[in-house]
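K.L.:
Can you build the whole structure from these sequences, using the hints too?
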Amino acid sequence: MKVIIVGGGIGGLATAAAFHQRGWQVEVLERAAAFTEVGAGLTIQPNGLRALDAIGLGERLRAGGLAGPLAGIRGKRGDWLVRNDVEGLKRRFGPWATVHRADLVDLLRAAVPSEALRPGVDVQHVQPDGTVRHGGGTSTADLVVGADGVHSVTRRSLWPGLPGPRYVGYTTWRLITPPQPVEGSVETWGRGERFGHVPMPDGRIYCYVMANAPAGSHVGLGELRKRFARWHQPIPALLDSAQEEAVLQHDTHELPMLPTYVSGNVAVLGDAAHAMTPNLGQGACQALEDAVTLAHAVDTLGVRAGLQAYDRTRRPRTQLIVRRSRQAGAAAHWTSTPLTTLRDTVFPLLPNRLFARSLTPAYTWTI
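Counting with UniProt numbering, you get residues 1 to 367 for the letters of the sequence shown.
If you are wondering where the hints come from, they were derived from the structure by calculation, not from laboratory data.
Bear in mind the structure is a predicted one, so any value in this text is a computation, not a measurement.
Treat the hints with care, as some may be off.
SDA-like cross-link-like pairs, simulated, lysine to any residue; straight-line CA separation at most 25 Å [said to hold, decoys possible]: (1) 76 to 339; (2) 90 to 183; (3) 76 to 221; (4) 2 to 296; (5) 226 to 244; (6) 76 to 352; (7) 226 to 335; (8) 2 to 312; (9) 226 to 245; (10) 226 to 75; (11) 90 to 101; (12) 226 to 333; (13) 76 to 335; (14) 2 to 116; (15) 226 to 237; (16) 226 to 172.
P.N.:
Here it is in structure tokens:
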């Protein structure tokens, strides 16, 4: 049995590793000239680590250095709005791990035969019967998996009439700074903007910034330093230590709910199926879950029955996470002074278990 995977990012390579492990012939078509990842840090949460366990890679990621969940949310003066029980979350759900995105791609790529990887292939159209048309001609397989991201050619080929990704109103910057002391993973909220920092195993700090902005706008590091100069430490210090070339900016998109993730002998997964806001940090974790679930279902039940099982299992769960992620970050992007003042007054009065309860559906997944 052969599977063609369109897209060689985290979801695509995880899918390739999962099917290769089950004895399938695998072919991964990647538009870029090399299988690599430009990006910054990435936190793999307990459910994502369990998905990596299913393809034998979880322990290797854990060995690189464990991390903790979000310690909480501060106001821009440094006062705590939400404090999580970090040790309690780890006891309940398991460990977290932080990794550079490129390192995770390297780990997944090494689990796939090199002859299966085809960089520099521009896929133009995918048909439900498993035919893939690309710059090098045409390829066919028993199964095709579209793991080609938020602007998926696979998705557009199968459902040309469905709406595309929607800009959610804020842009995101990601960067990694030199090592310096921080108190775990913390996010800080202002009015229509927020800043998060996550320590990495080698001491460097992964930072992310989100701010309301028109789609397509560009702001450099100098402007970010001015914008956050009066926020609590270590935010100004982190931005002062960063290098301009280390800053990546991308507009934030969400995909409207698809009525199905499968058509004929084709499935979509990851951002191609359910691109979500980064507010819960679940994008990569959900792609990993998709990959191992799809391989298990199809290899166990056959292509058609397995695809239907994949759709029944994954679509409700991932669309729930999409909604939860949207809701989780909404209050950070309020711009009304009365609303943000109310938020900063009320949030510290709420019991911590309310926030922990909202995370439970994401963390408790098992294959």
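K.L.:
Honestly, which of those hints from before does the structure not fit?
P.N.:
Violated: none.
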